[in-house]
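All residue numbers for the sequence shown refer to the working numbering, where the first residue is 58 and numbers rise by one.
It is worth saying that the hints were derived from the structure and are not from the lab.
C-beta: ideal position from N, C-alpha, C; glycine also.
Possibly wrong hints are sitting among the right ones.
[Claimed, not checked] Derived Cβ-Cβ restraints for the label pairs, each shown as a range: (1) Lys117 - Glu429: 52 to 58 Å; (2) Pro372 - Ala272: 31 to 37 Å; (3) Glu429 - Ala272: 41 to 47 Å; (4) Ala272 - Thr412: 36 to 42 Å; (5) Arg350 - Asp297: 39 to 45 Å.
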Amino acid sequence: MMLWYQEGLPDPEEWQLLDIQTTRPSKKNKEKGVMVGIDAQVDVVYKAIRYHLLMERNNKVAACEENDALRYPPAADDESAANQSQERRLAADGAVMFDICANMLQLYGRHLSLWVVPGADDASASVTEVAAARRAGYYNGFPCRRQLRTMRGVLSPVDPAKYYMRVYGCPTANTFPHLPGITKDRLVVHHREPLYDGIFLVEVAPGETTGATTAGTLMAMKTVYNCYRTDTQDFIREADTLGKIPSHPNVVRFHGLVVDGDGLVDGILTSYLDGKPLTAVKQATMSERERWRSQINAALDHLHSSGGPDNPRAPVIWGDAKTGNVMITSAGDAVIFDFGGGWTYAGVAKEDENTLEVDELGRAMIMQFLAELPLSGEGAAAAAE
């Protein structure tokens, strides 16, 4: 990834741009001649700490620094753009996006003291400030959400507890005291591309042990921050479901909840599945198809079991039974994951989702996918004969 180079930023070699998203001016504003984007979000690493920086259009102030940073050039929405080739339009959009990103980082860079994590850029930070930041996980690579906004004529940091964090962070109360919890300061986040949107590769920090989870154990951290923005009920269902599943080799292992210094839950920890989803498999041998069929059936039978006479339990619903939620690991095994629920099929009413019957529909579709998967190797030759 290229280091961010913009002139004017302090210690430019310390900045690393990870991701940027911008939203164009609304149609209503364009009709008024207001060429200010709705918002921009930038993920950066600054001095080894990952930040998610937000800038929103300010509708309450006629002129302010954040609106200047989000301003689109008039040519960016010229009617003649419709006659340009798709390649030229994409190139023009990309140039505008990076101009806005540059403006935004210039603004944040000029006001470091308003948003940078205590102790990250100031040797004089108090021990209390640094300790609080560590409890919040800021030094471990978790996206530290920050927003600057003009209030009463002065550019100021938004209080995340009242405005920004509540919308985009969504930490939720821990209603699962019986489930294991790991605080952020006991985790190390790997600085690499997320496994999926909002899912990061983490490990238990050196010298730390939590139950059966020992130092160096690789896990996938699914954050409330990105994965459950619109409905934390999906998170609550997934945490509750994972906590009820007895261990099985073909079901993703649940390690615990990620909790912050105040006891709020900010994520879920499951085993890291190194492999690719079943949907990405283009062909397989006959033995591989049979192996995966057997493993997936065993996993679903395990979920739906009522347990034995000595250990009765209620059946567990997968709730998201589809080929995209089956991982084929690097060892060649099928493992099911993602228990957030909500997956429905044609002809299934929403009120009937998350039931054994819908799980069985998903099982049938997965089995059909395997049956139709093109054969490779000896299996293909045998089928041809």
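Here's how the hints hold up against the structure:
| no. | hint | result |
| --- | --- | --- |
| 1 | Lys117 - Glu429: 52 to 58 Å | 57 Å, holds |
| 2 | Pro372 - Ala272: 31 to 37 Å | 35 Å, holds |
| 3 | Glu429 - Ala272: 41 to 47 Å | 44 Å, holds |
| 4 | Ala272 - Thr412: 36 to 42 Å | 40 Å, holds |
| 5 | Arg350 - Asp297: 39 to 45 Å | 29 Å, violated |
Checked against the numbered hints above, the structure violates only hint 5.
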